[in-house]
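Start from chain G and add chains B and E according to the hints.
Listed here are the chains, written in short residue letters.
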Amino acid sequence: MTGLSEFLDMGGYGHFIWPSYAVVAVVMVGLLIISRRELGTALRDLDALDAPEAPEAEQ
Amino acid sequence: MKRKHKRLTFVAIALLLLGTAAALVLAAFEDNIVFFYSPTDLAEKQVADGRRIRLGGLVEEGSVKISGGAITLFRVTDLKTTVAVSYKGLLPDLFREGQGVVAEGRLNAGVFTADEVLAKHDETYMPPEVAEALKKSGQWQGQDKK
Amino acid sequence: MFHRFANPTRFLRFAAVIQPWIAAITVALIGSGLYLGLFNSPADYQQGETVRIMYVHVPSAWMALFCYSAMAGACAIALIWKHPLAELSAKATAPIGAGFTFLALVTGSLWGKPMWGTWWVWDARLTSMLVLLFLYLGYMALNNAFDDPARGAKSSSILALVGFVNVPIIKFSVDWWNTLHQPASVVKMTGPAIHASMLAPLLLIGVGFTTYYLWVMLIRIRYEVTANKIRTLQRRQAATGESQA
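As you go down the protein sequences, you meet chains G, B and E in turn.
To convert, note that position 5 of the first sequence is 5 in my numbering; the numbers rise steadily by one, no gaps.
To convert, note that position 59 of the second sequence is 59 in my numbering; the numbers rise steadily by one, no gaps.
To convert, note that position 4 of the third sequence is 4 in my numbering; the numbers rise steadily by one, no gaps.
Just chain G, with the same shape it has in the complex (with noise of 0.2 Å):
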C-alpha cells in the first residue's frame, strides 16, 4: 500500500494537487450535468405547450 500512499501524497504536494483536480471535476461535470437538466425540462415544456391543449392548462 506504500504505491498508493505515496501516489496520493505526491512529495508533500498532494493537498494541493488532488484538490485542483478535484474542483476541476467537480465544475466541468457539474456545468455538463446542469445544462443537460435545463435542456430536459425545456424540451418536456416545449412539448406541453405544442400538445393539443385541454382548457384548464391556460395559466
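Simulated from the structure, these hints should not be mistaken for laboratory data.
Ideal placement from N, C-alpha and C gives every residue a C-beta, glycine not left out.
Mixed in with the good hints, there may be bad ones.
[Unchecked claim] Restraint-style ranges between C-beta atoms, simulated for each label pair: (1) K80(B) to F39(E): 38 to 46 Å; (2) R37(G) to A6(E): 26 to 34 Å; (3) A70(B) to W122(E): 25 to 33 Å; (4) A196(E) to D115(B): 39 to 47 Å; (5) P183(E) to E132(B): 21 to 29 Å; (6) T9(E) to S5(G): 49 to 57 Å; (7) P20(E) to G12(G): 41 to 49 Å; (8) A70(B) to T2(G): 52 to 60 Å.
[What the hints assert, rightly or not] Cut-off 25 Å, straight-line C-alpha distance, at most; resulting in silico cross-link-like pairs (SDA-like, lysine to any residue): (9) K65(B) to A84(B); (10) K136(B) to R106(B); (11) K188(E) to D175(E); (12) K229(E) to L39(G); (13) K113(E) to S86(B); (14) K135(B) to E60(B); (15) K154(E) to D49(B); (16) K229(E) to D45(G); (17) K6(B) to K154(E); (18) K113(E) to G14(G); (19) K154(E) to A42(G); (20) K82(E) to F146(E); (21) K82(E) to L233(E); (22) K65(B) to D49(B); (23) K154(E) to I13(B); (24) K171(E) to L24(B); (25) K88(B) to W119(E); (26) K171(E) to G100(B); (27) K229(E) to F14(E); (28) K171(E) to G19(B); (29) K135(B) to G48(E); (30) K80(B) to T40(B); (31) K6(B) to M140(E); (32) K82(E) to N228(E); (33) K171(E) to E123(B).
[Claimed, not checked] Covered by chain E, per the in silico footprint, the following chain B stretches (three or more residues, Cβ under 8 Å): (34) 18-26; (35) 90-96; (36) 104-118.
Here is chains B and E on its own, set in the frame of chain G:
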C-alpha cells in the same frame, strides 16, 4: 420578485461587477502594476527609505546566511546590481541560491528588510535527468535547482 | 455554412447528431491526458510533483481566453449581421468561459501557495484574469437584466466587445510588466519551453477541454433555441387567449 425589481437588480449587479473590474484596472495602473523593482531600478529610482515596495531578482550565489533567531540574510541581484536583504520567517520551498525571488518590505540604510519573500520560477519544464544532462554538457540556461 | 445554420431548427438537428461524437472524443482526450499527466509523466526538475497542476491549470486558462474570444466574436457577428445563432452561441458560451476562468484562478492559487509561497498576488497576470471573470459575470447579468431579451443581448454584446481589450492584456501581461507569474511556456517565439513528456498530456487535455466546450455549448444552444420557441409559443397563446376573451 417584481419584473422591474428583477431588472434593476441585474443591472445593479452588472454595474457593480464592471465598477469593480474598472477599479482593479485603475489600481493596477498605479504602483502595483510595477509588481517589483529590480536592484538596478532601486538604485536608479532612489526609492525613499521606509517606503513599502517589492524587490525582485535572483538570489546571489553564496549569499544566503542564517543569522541569530530565524533571520535569513541574502543578497538579491539582477547581474548588474545587488541589494542586501534581511528576512525573518519561513522561506518558500523553492527559495534557493540562483533562484528567482520577490521580496516585499522596506529599504533602510542600504538593507532591504523584507516581511514577505516569494519564490519566482521560470517558464521551463523538464524532468530532472534532462536538467542534469544539460548542466553536464554546459548548455544549461535556466535557473538552478539542487 | 453560416447560411445553412441561420435556421435554428436545422441547427438543432445537426447538433443532436454530432453531440454524442463530440462527447466520446472529449472523454477519450481528457482521459488519456489525465492518464499521462498523473501516471506516466515525470516530476519537474524545479517544481517537483506540483507540475501536475499545470495539466489542468493551463488548459483552463487557455479556455478562459478562447471562450471569451469566441463570445466576443459571436457578439460582433450578432450586432453586425444579426445571424440568429450568433447571439445564442455567445449566451451559451458565457457560463462555460466563466467556469474555466474560475478554475484557472483556483488551480493557480493551489499551485502558487506551495511554489511561490502565497495564495494570491495582485500582479498584472492574476489581476487581469480576475477582471476577465468579472466581465463574464457582468455579461451574464446584463443578458438577464431586461424583460426584452433583445435589449439584454444588445447591451451585453457591447460589454463583451469593450471587454475584449482585456484578452491581449492578459496574454502579454507577463511580457509588458514585471510579474510574479512566469512568462509563457508554450506559445512563444522560440518554441515551447516544456519537455515533450509534459507537453503531451498538456496538449491532450487542452484539446479535450476544447471539445468539452463544444459539447456543452451545443447543449446550451439547443436549450436557448428551445427557450426561444417556448417564449414565442407562450406569446402567441396569450394573444389568442386574449382575442377569445
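Okay, the hints, checked on the actual structure:
no.: 1; hint: K80(B) to F39(E): 38 to 46 Å; verdict: 45 Å, holds
no.: 2; hint: R37(G) to A6(E): 26 to 34 Å; verdict: 28 Å, holds
no.: 3; hint: A70(B) to W122(E): 25 to 33 Å; verdict: 27 Å, holds
no.: 4; hint: A196(E) to D115(B): 39 to 47 Å; verdict: 41 Å, holds
no.: 5; hint: P183(E) to E132(B): 21 to 29 Å; verdict: 24 Å, holds
no.: 6; hint: T9(E) to S5(G): 49 to 57 Å; verdict: 55 Å, holds
no.: 7; hint: P20(E) to G12(G): 41 to 49 Å; verdict: 42 Å, holds
no.: 8; hint: A70(B) to T2(G): 52 to 60 Å; verdict: 34 Å, violated
no.: 9; hint: K65(B) to A84(B); verdict: 11 Å, holds
no.: 10; hint: K136(B) to R106(B); verdict: 40 Å, violated
no.: 11; hint: K188(E) to D175(E); verdict: 11 Å, holds
no.: 12; hint: K229(E) to L39(G); verdict: 13 Å, holds
no.: 13; hint: K113(E) to S86(B); verdict: 22 Å, holds
no.: 14; hint: K135(B) to E60(B); verdict: 19 Å, holds
no.: 15; hint: K154(E) to D49(B); verdict: 52 Å, violated
no.: 16; hint: K229(E) to D45(G); verdict: 10 Å, holds
no.: 17; hint: K6(B) to K154(E); verdict: 18 Å, holds
no.: 18; hint: K113(E) to G14(G); verdict: 13 Å, holds
no.: 19; hint: K154(E) to A42(G); verdict: 24 Å, holds
no.: 20; hint: K82(E) to F146(E); verdict: 19 Å, holds
no.: 21; hint: K82(E) to L233(E); verdict: 22 Å, holds
no.: 22; hint: K65(B) to D49(B); verdict: 24 Å, holds
no.: 23; hint: K154(E) to I13(B); verdict: 17 Å, holds
no.: 24; hint: K171(E) to L24(B); verdict: 17 Å, holds
no.: 25; hint: K88(B) to W119(E); verdict: 20 Å, holds
no.: 26; hint: K171(E) to G100(B); verdict: 22 Å, holds
no.: 27; hint: K229(E) to F14(E); verdict: 18 Å, holds
no.: 28; hint: K171(E) to G19(B); verdict: 22 Å, holds
no.: 29; hint: K135(B) to G48(E); verdict: 18 Å, holds
no.: 30; hint: K80(B) to T40(B); verdict: 7 Å, holds
no.: 31; hint: K6(B) to M140(E); verdict: 14 Å, holds
no.: 32; hint: K82(E) to N228(E); verdict: 16 Å, holds
no.: 33; hint: K171(E) to E123(B); verdict: 14 Å, holds
no.: 34; hint: 18-26; verdict: holds (count 5)
no.: 35; hint: 90-96; verdict: holds (count 5)
no.: 36; hint: 104-118; verdict: holds (count 3)
Hint compliance for this structure: hints 8, 10, 15 are broken, all remaining hints hold.
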